[in-house]
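Student: What follows is the residue order along each chain.
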Amino acid sequence: MLGSAIIVFREALEAALIIGIIAAATRGMQARNFWLLTGISAGVVGSLIVASLTGQIAELAEGAGQELFNAGILGLAAAMLAWHNIWMARHGMQLARDAKQLGQDVTSGNREMSALAAVVALAILREGSETALFLYGLLTGGGETLATVLGGGAIGLFLGTLAGYGLYAGFVRIPTRMFFAATSGLILLLAAAMTSQAARFLVQADVLPSLATPLWDTSWLLDNASLAGRFLHTLAGYEAMPSGIQVVFYSATLILILAGMRVFRVRSPSTAIQ
Amino acid sequence: MKILFVLLSSLFSLCVWAANAEVALVIRDHRFEPAEVRVPAGQKIKLVVHNQDTTPEEFESHELNREKLIAPGTKANIFIGPLKPGRYPFFGEFNEKTARGAVIAE
Chain A
126 MLGSAIIVFR EALEAALIIG IIAAATRGMQ ARNFWLLTGI SAGVVGSLIV
176 ASLTGQIAEL AEGAGQELFN AGILGLAAAM LAWHNIWMAR HGMQLARDAK
226 QLGQDVTSGN REMSALAAVV ALAILREGSE TALFLYGLLT GGGETLATVL
276 GGGAIGLFLG TLAGYGLYAG FVRIPTRMFF AATSGLILLL AAAMTSQAAR
326 FLVQADVLPS LATPLWDTSW LLDNASLAGR FLHTLAGYEA MPSGIQVVFY
376 SATLILILAG MRVFRVRSPS TAIQ
Chain B
192 MKILFVLLSS LFSLCVWAAN AEVALVIRDH RFEPAEVRVP AGQKIKLVVH
242 NQDTTPEEFE SHELNREKLI APGTKANIFI GPLKPGRYPF FGEFNEKTAR
292 GAVIAE
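So the protein lines, in turn, are chains A and B.
All residue numbers for the first sequence refer to this note's numbering, where the first residue is 126 and numbers rise by one.
All residue numbers for the second sequence refer to this note's numbering, where the first residue is 192 and numbers rise by one.
These aren't lab readings, by the way, just hints derived from the structure by calculation.
Mixed in with the good hints there might be a few duds.
[As the list claims (entries may be wrong)] Pairs of lysine to any residue residues, derived as SDA-like cross-links and limited to a Cα-Cα distance of at most 25 Å, are as follows:
id, chain 1, residue 1, chain 2, residue 2
1, B, Lys-237, A, Ala-353
2, B, Lys-288, A, Met-126
3, B, Lys-235, B, Lys-266
4, B, Lys-235, A, Gly-369
5, B, Lys-235, A, Asp-342
6, B, Lys-288, A, Ser-351
7, B, Lys-275, B, Thr-245
8, B, Lys-266, A, Leu-284
9, B, Lys-275, A, Met-366
10, B, Lys-235, A, Val-175
11, B, Lys-237, A, Leu-275
12, B, Lys-288, A, Ala-353
13, B, Lys-275, A, Gly-267
14, B, Lys-235, A, Leu-275
15, B, Lys-237, A, Val-373
16, B, Lys-275, B, Pro-231
17, B, Lys-266, A, Asp-342
18, B, Lys-235, B, Glu-224
19, B, Lys-275, A, Met-126
20, B, Lys-288, A, Leu-275
21, B, Lys-288, A, Ile-370
22, B, Lys-237, A, Gly-180
23, B, Lys-288, B, Arg-257
24, B, Lys-235, A, Leu-336
25, B, Lys-237, A, Ile-131
26, B, Lys-237, A, Gly-266
27, B, Lys-288, A, Leu-185
28, B, Lys-288, A, Leu-381
29, B, Lys-288, A, Ala-272
30, B, Lys-266, A, Val-175
31, B, Lys-266, A, Gly-267
32, B, Lys-237, B, Pro-276
33, B, Lys-275, A, Ile-370
34, B, Lys-266, A, Gly-188
35, B, Lys-288, A, Val-373
36, B, Lys-275, B, Gln-243
37, B, Lys-235, A, Gly-188
38, B, Lys-237, A, Met-366
39, B, Lys-288, A, Val-169
40, B, Lys-275, B, Pro-225
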């Protein structure tokens, strides 16, 4: 029971933290809860499908299927987060000053929300398929009964969700003036964390060279296995022992998104007055 | 998604990063056999992990910075290194108590 609680907690925590950030970043958007729930449901259904296809996915691309699949999911999610930040740089100020403004921009808002719902779905897809496989293994392994596996899983899921909600609750207390800077900053780091992880998968599959393994070692300071290390790993892409190419991907993502936010930022006087 | 997959696959086939050494591992009864493998330092290594159990396992190592799901009865390739000399522990995340091992680079 403890085993299933711990693993489900770990996986749920990662997804819940990502959902917490996205829920905070989309506060006040049209039909936010509908889109978040759609993303969550799609993620749960998708993770069951992916879990059942694990063997087949792994065999694709000469045995590199799983890595390419994960890297693809992470890259796609990072692209949507990048788009969100650039979109926010354009519309965020408007949103903050006059909530009604958004009403005139429902189509754009819906497109925006659907992109973030996809990020939610992809986050759950990755963590959920692992969780489903693990629980399936526990059940078929015969060591545990359905009740203890599901009971432990429910506890882990609850605690993980609580952590995600805690992050959300903390975030929405941030004053409006600093709110956009805070959420877009966190989404920026999240996107960089995702491309860095994608790079790691591509090295694991031997598609990319590692450049250095590791580039540095800060496991004496903060181990990735510790709870704080996991938090920072999920939220900001912390790696105690990153490969060189991960640092390249991480930095390039930060630079590209920041550049995009600068280029597309609306500075016309009419927007400023509104 | 599909296009991305095709792109990545073609990228994969374009890159020929020849592995220098191949090391085989077996997962049986939620244990790694052998539990310790010695590999040459300074080279890229291909770990081939054969999960002979009837349950899935996740090969994971913080020190090697790797994680890979291995479905029951399948073999997984995991590229590691080039490593500096040292001991790099790994474990099976789904059976952490018993599934433990280490790569020793020398």
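Student: Could you tell me which of the numbered hints above are not met by this structure, giving the numbers in increasing order?
Tutor: 1, 7, 8, 10, 11, 13, 14, 17, 19, 21, 25, 26, 27, 28, 35, 36, 39
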